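S.K.: Below are the chains, spelled out letter by letter.
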Amino acid sequence: MKVLVAVKRVIDYNVKVRVKPDNTGVDLTNVKMAMNPFCEIAVEEAVRLKEKGVATEVVVVSIGPKAAQEQIRTALALGADRGIHVETDEEIQSLAAAKLLKAVVEKEQPKLVILGKQSIDTDNNQTGQMLAALCGYAQGTFASEVVVEGDKVNVTREIDGGLLTVALNLPAIVTTDLRLNEPRYASLPNIMKAKKKPLDTVTPADLGAEIAPRLTTLKVEAPAQRQAGIKVGSVAELVDKLKNEAKVI
Amino acid sequence: MSILVIADHDNKVLKPATLNVVAAAQKIGGDVHVLVAGADCGAVAEAASKVAGVAKVLHADNAAYGHFLAENLGLLVAEMGKGYSHVLTSAGTTGKDFMPRVAALLDVAQISDIIRVDSADTFVRPIYAGNAIATVQSSDAIKVITVRPTGFDPVAAEGGSAAVESVGAAHDAGISSFVKEELAKSDRPELTSANIVVSGGRGMQNGDNFEMLYKVADKLGAAVGASRAAVDAGFVPNDMQVGQTGKIVAPQLYIAVGISGAIQHLAGMSDSKVIVAINKDEEAPIFQVADYGLVADLFEAVPQLEAELDKVL
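If you read the sequences in order, they're chains A and B.
Following the working numbering, the numbering of the first sequence begins with 1 at its first residue and continues without gaps.
Following the working numbering, the numbering of the second sequence begins with 1001 at its first residue and continues without gaps.
For the record, the hints were derived by calculation from the structure and aren't laboratory data.
Computed from a predicted model, the values in this text were never measured in an experiment.
A few of these clues could be false.
Calculated lysine to any residue pairs in the SDA-like style (CA-CA distance at most 20 angstroms, straight line) [stated by the list, open to error]:
1. A:Lys243 with B:Lys1215
2. A:Lys152 with B:Ser1177
3. B:Lys1027 with B:Glu1158
4. B:Lys1180 with A:Val147
5. B:Lys1280 with A:Val26
6. A:Lys219 with B:Asp1121
7. B:Lys1180 with B:Lys1027
8. A:Lys16 with B:Glu1283
9. A:Lys247 with B:Ala1250
10. A:Lys50 with A:Lys219
11. A:Lys231 with B:Ser1177
12. B:Lys1185 with B:Met1212
13. A:Lys219 with A:Val26
14. A:Lys2 with A:Lys50
Heads up, incomplete: computed chain B residues facing chain A, CB under 7 angstroms, no partners named [claimed, not checked]:
15. Gly1092
16. Val1124
17. Gln1137
The beta-carbon is built from N, C-alpha and C at its ideal position, and this holds for glycine as well.
With the sequences and hints as input, model every part of the structure.
M.R.: In structure tokens form, the structure reads like this:
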């Protein structure tokens, strides 16, 4: 079966972001960008399904500016077979991303689509669920285990109280949680090979999806800064402060 | 203008987060209706009818909603949501699962994890793991929103007397089914609503050592949390994880033990009222946000803490 994986280019997770002085957004100039960590886990899961003989082809798709091709190449180096780049410089919000991905799903007809559960920039946690709704597919969100059995996929999901396993009819959508797997590193030979793998570029217009933003960001501010407090010398002093100064115990 | 709040529950009890969501709905203004969808969840509908400020409770009782499968719940909420200006639920794993499906079915954007209401169409939410705060305005006719419970003070659980109306709509998409559930069992308060949280990190070294934290937590009536490092190392189950990818907490007191304070962890707890850090590395970033820091070996400090608490509590 064919597996489609969606990946997003985001600011590297180790970077301490800075809000622009004019409050229009976060400063992304000269900041290290990388594949969203949850998307890396999605790629790894698809590649593992291929290594198990469950998946026959892994197609990776990314929506974004020209530079997003770097992240597609990374996915190809990790073992994906070919890439699709939906090239746009517009701001693509979750609903628009889901509509673009739906058009790709209709064209590619994958049995399984794997996405990260959320991107670490917007922290929306929406796209996979929206794609599932638009396609009329079942969804296995926050997956920590994915087992394909015949025409169904069993997904163990991380929920607030513990774990919950659901059985989904294929085709289905899965979104990854951090504990699904440990992504591999791309070896240099694989990085070289990835340069020769096919990568098609399409535009949102080619896909015929409506991508106008529904939400307007009025401003972006730095959060209120917490001040470092005091260092106490002993446990007894700590308990005394908590009881008599902070009055929280 | 009326607002539909989807109750968070387990078919038996109404989860406290619902009270925070009703509070957020009241900030928007308008009649607040609560939808209780589940299986054999009459007691929850009853509890919801007593919540202060609720005008009406809609009770959809059907086996198809019993396990809160997003495929079925999404269809129900999207159908019912058409009559409302706002549809809200708490940003727990259930709400995060079905709500974007509702938004897509209604062809509207979703505003995730709001921490403040500025007006009926303008909301405030954290982005970049809480390192930036965005104010967003929606142009959609129906605003579909998940609410971060810790952002709003809860309304009273008693005092209301809303009518309960039965909803017959049975939506079963027939594309997904429940297989099994493994819930972590604990007598301690729920992490996201606890007044005091004691959390352990990689410094705990193994799962057995968490016993020390459980003892302290039980003295304080606290919940126990963990950093991602502690979860990944297998010390504790994942539902204890506090952070960007785990739970968001904002207790009165947060005690971080053996936690360095990575950006992703701070995203989950930096709104706590008082933060205490116990760490032997005095350069650990956690000390930059801690109100009270103790540079010490946790294996000495935590048993001492337990002993000191005995003296004062």
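S.K.: Determine for every hint whether it applies to the structure shown.
M.R.: Against the structure, the hints come out as follows:
Taking the CA atoms of lysine 243 of chain A and lysine 1215 of chain B, the gap is about 19 angstroms. The hint holds against a cut of 20 angstroms. Distance check on the hinted pair: lysine 152 of chain A and serine 1177 of chain B sit about 10 angstroms apart at the alpha-carbon level, within 20 angstroms; holds. A distance of roughly 19 angstroms separates the Cα atoms of lysine 1027 of chain B and glutamate 1158 of chain B; the hinted pair therefore holds under the 20 angstroms criterion. In summary, the hint linking lysine 1180 of chain B to valine 147 of chain A is supported, as the alpha carbons are separated by about 14 angstroms, within the 20 angstroms threshold.
At roughly 34 angstroms between alpha-carbon atoms, lysine 1280 of chain B and valine 26 of chain A are farther apart than 20 angstroms, so this suggested pair is violated. As the CA atoms of lysine 219 of chain A and aspartate 1121 of chain B are separated by approximately 14 angstroms, the hinted pair is consistent with the 20 angstroms bound. For the proposed pair lysine 1180 of chain B and lysine 1027 of chain B, the alpha carbon gap of about 38 angstroms is over 20 angstroms, so the pair is violated. In summary, the hint linking lysine 16 of chain A to glutamate 1283 of chain B is supported, as the alpha carbons are separated by about 17 angstroms, within the 20 angstroms threshold.
For the hint pairing lysine 247 of chain A with alanine 1250 of chain B, the CA-to-CA distance comes to about 16 angstroms; that is within 20 angstroms, so the pair holds. A distance of roughly 44 angstroms separates the Cα atoms of lysine 50 of chain A and lysine 219 of chain A; the hinted pair therefore is violated under the 20 angstroms criterion. For the given pair, lysine 231 of chain A sits about 53 angstroms from serine 1177 of chain B by alpha-carbon distance, which is inconsistent with the 20 angstroms threshold. Of the pairs offered as hints, the one joining lysine 1185 of chain B and methionine 1212 of chain B holds, with about 18 angstroms between alpha carbons and a cut-off of 20 angstroms not exceeded.
Restraint check: the Cα-Cα separation between lysine 219 of chain A and valine 26 of chain A comes to about 10 angstroms, which is no more than 20 angstroms; the hinted pair holds. Restraint check for lysine 2 of chain A and lysine 50 of chain A: satisfied, since their Cα atoms lie roughly 9 angstroms apart, inside the 20 angstroms limit. Here the hint on glycine 1092 of chain B is kept, as its CB sits about 5 angstroms from the closest CB of chain A, short of 7 angstroms. Hint on valine 1124 of chain B is violated. Least Cβ distance to chain A is approximately 9 angstroms, over the 7 angstroms limit.
Of the supplied interface hints, the one on glutamine 1137 of chain B holds, with its beta-carbon coming within about 5 angstroms of a beta-carbon of chain A, less than 7 angstroms.
When each numbered hint is compared with the structure, violations occur for hints 5, 7, 10, 11 and 16.
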